[in-house]
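From first to last, the protein sequence lines are chains E and A.
Those letters in the first sequence? Residues 1 to 313, per the numbering used here, in order.
Those letters in the second sequence? Residues 1001 to 1487, per the numbering used here, in order.
It cannot be assumed that every hint is accurate.
To be verified - Now the in silico label distances, taken between C-beta atoms and shown as ranges:
#, chain 1, residue 1, chain 2, residue 2, range
1, E, G60, A, A1377, 35 to 43 Å
2, A, H1127, E, R300, 30 to 38 Å
3, E, M199, A, R1428, 28 to 36 Å
4, A, W1408, E, Q130, 46 to 54 Å
5, A, L1435, E, F175, 36 to 44 Å
6, E, A137, A, A1406, 21 to 29 Å
7, E, W174, A, D1341, 52 to 60 Å
8, A, A1379, E, A197, 49 to 57 Å
9, E, Q130, A, A1419, 27 to 35 Å
10, A, W1408, E, V67, 19 to 27 Å
Said to hold, decoys possible - Below, a sample of chain E positions facing chain A; criterion: calculated Cβ distance under 10 Å:
#, residue
11, V69
12, F94
13, A102
14, I105
15, A106
16, I109
17, F116
18, F237
19, T245
20, I252
21, W284
22, L293
To be verified - Anything over 12 Å on all C-beta distances counts as not near chain E; from chain A, calculated:
#, residue
23, W1054
24, F1166
25, E1250
These are computed hints drawn from the structure, not numbers from a lab.
These numbers come from a predicted model, not from an experiment.
Ideal placement from N, C-alpha and C gives every residue a C-beta, glycine not left out.
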Amino acid sequence: MDTDKFIQLTLDGLTLGSVYALIALGYTLVYGVLKLLNFAHGDVFMVGSYIGFGVLQALGGPADPAVPVWAVLVLITLAAMAGCAMLGVVIERFAYRPLRDAPRIAPLISALGVSFFLAYSMQLLFGAQQRDYNTFALGGGDLYFKGFHIGGVRVPLIRDIIIVSAFVLMLVLWFLVNKTRTGKAMRATSFDREAAAMMGIDIDRVIVFTFILGSALAGAAGVLFAIRVPTQVSIGFVSGLKGFTAAVIGGIGSVPGAMAGGLILGFAESYTAGYWPGSAGTRWTDLVIFSILIVFMVFRPQGLFGRADIKKV
Amino acid sequence: MSDTTPQLPPGPDAPVTSPAIGRDEWVARHLDRRLPPRLGILHERLQNVPWFAWLVLFVAAASLLPAITSSGYVRRVGFDTVLYMLLALGLNVVVGWGGLLDLGYVAFYGVGAYSYALLDSPHYDIHMWSILSIPLVVLIGAIVGLLVGLPSRRLSGDYLAIVTLFFLQLFQTVATNGDQMFGHNVTGGANGLLNVDPLDIFGHDIAVQHEGVFAVAYYFIALGVFAVVFVALRFVNESRTGRAWRSQREDPLAAEVMGMPVNWLKLTAFAFGAAVAALSGSLFAALNASVFPLTFYFVLLITVYTMVILGGQGSQAGVVLGAIIISVLLELLREPSHARDLFYVLLGAGLLLTFKLSRRLAIVAAATVAFGFAAHAIADAIDHSWVAGTAGAWASGWVIVPERLASWVAPVSYVALIAAALGLTLVRGLLRTVLLVPVLYLATFVWENVMLAKPEPTRYIVLGVILVALMIVRPNGLLGEKRVEVV
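Based on the sequences and whatever the hints tell you, model everything.
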């Protein structure tokens, strides 16, 4: 019984953590090349979940989709990724690029403004109420009834889909960053922007590419999040904050760090919910995560995988 | 890079005789090459009025507000504005002088409000005299500020930003769930704390309502607190500590080499801001007689940030001005009929500022009006229901307001407006002027049809746009000094 609870909580943590990791990757990629905390990222994630919802409705709704179930899932994810990538490029072009040489605090404040603008634009156009994908109706509940067992715990298909797609996306990202020419340019830019520019790397292109990657991941994360839990405008802020914390814990700027940080946060949240004395665990997850963040800030500010920031004069 | 010339602030006392070491001569003499201001001698005289004279004038003018109007609503808005002014002054210490991005600022406001509420309410049946509880609340705010700043003391602004932002979230969680904190009801949870005592003078309560109308006393108390805080912070800024704050903001490394305790300076700036926020929080709690968790969240944070950025970080007069403008703006946007007029006024003012009094202004204005009538006539000819809605009185024959808005119109027109406005920033010259006309009309259409119907999101969208646009066009705000990055 107790191992079953543990397995169940681990699964919860893995599901949640893989979504956080995808969000954290967006923060970390952008921070790597621009040294900018992109506060608007959480809201891009939220917009992604709404795009997925819209496309799902356009395909005929969950109860009676025009295409097979797997195609529905692929299509909404791809649409959200494409939409968010475009959004990311627009945000970069109009809100961050003019401020690239401004004092550090300027793009941060601009990012806050963009975040606010996105959140309330969505509220203006689509209202503040929850949007439920209602994936239960998709394929007659197959996503929830099918699946396999670990011990006495049933793992529904929908969790497999979330976890597997998140890890596939992370693998693709790892490949793009480490094995392609553009990835190499990204790493060079992240290491030293000026030196990279002098070596003939088109910095603007690299930055745009980074925003495309990060925002597409956020879009995918939005759909993967919202196929299980209803989405609403306000999740942008909270999920963004969690993803951001995950990136910092893992070592901001580090790709494996973001994945690790996301999983740590996911586990912290699910174990707190499950093992907190009494039944009020879900109320105090923020407290536990904040404590983890503070512990990292004090003892290992560069995060798990981050480089210690040594300032040369 | 922007193509404007970097502008050094003029030396406070000595006119620039010869450029200091490390200054570019051409840049340093920039001011000499400027044309004299249009108002000439008057402008110069105004600049020489000392700050305290302005302050006295301002407070005197502000105290006249209750004499002008007996409306409880206006007085209430006045009180809220003074509270915003206080909040902006506090944030200015952290952001403007300390150069720290404190995203948990309104949590300290909340800490202050909740502390006051716990010290003066039937919740624990403590009813402390205000003269004791308010200093205590300020102290609590400062200590909490120090504690939050402490873990990020070695770190750059980015890490401070994340810790403080998460602190804001944590405050929210604790306040919302604090009704079951280890079996005790500490914060009242989502229902908040009710029946908080009003302010008192040695035990004699000052009623919030006087004969059913908002009591003027609170307005004057807030104004008094504002004046005291303004002067106190002014003195701090002109002291050793204030100079040290600004120098570590400009270059922490150089400051450290000069022997300044940079981390301690950051912490004190942080704590000062938190203390001012807590002080405002206690006034807030006393006036509203209740506190709720959701008051102290992201929305308020962005509002106060917009005030500070709009007014100009680092300038006290600036942030006060910013607070007044934003507070009044938000209040006007609440009411659709006001919001409608405001839009046309701002549109006109914006055009006037862009084109000055030129022929182009006349052409653009005339073209927009003509465009509107043409579009309206065409829409009317196709289908009368397209224009059958009720628009503002004098814009009714001009802007298209359909009887019923099809559900796709709102998102499409809104997104089209954003795309068009962004696209407009990419083109130059004549093309921009020509394209401006339809974009203006589209903006009016969206405002009348989409945004007026939902004042709540509209208010905050406006704030977001102001923040982004200001950072790009005028990062120093209305009255702030232009920061020159010396490389």
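Task: Hint numbers contradicted by this structure - done: Violated hints: 2, 4, 11, 24 and 25; rest satisfied.
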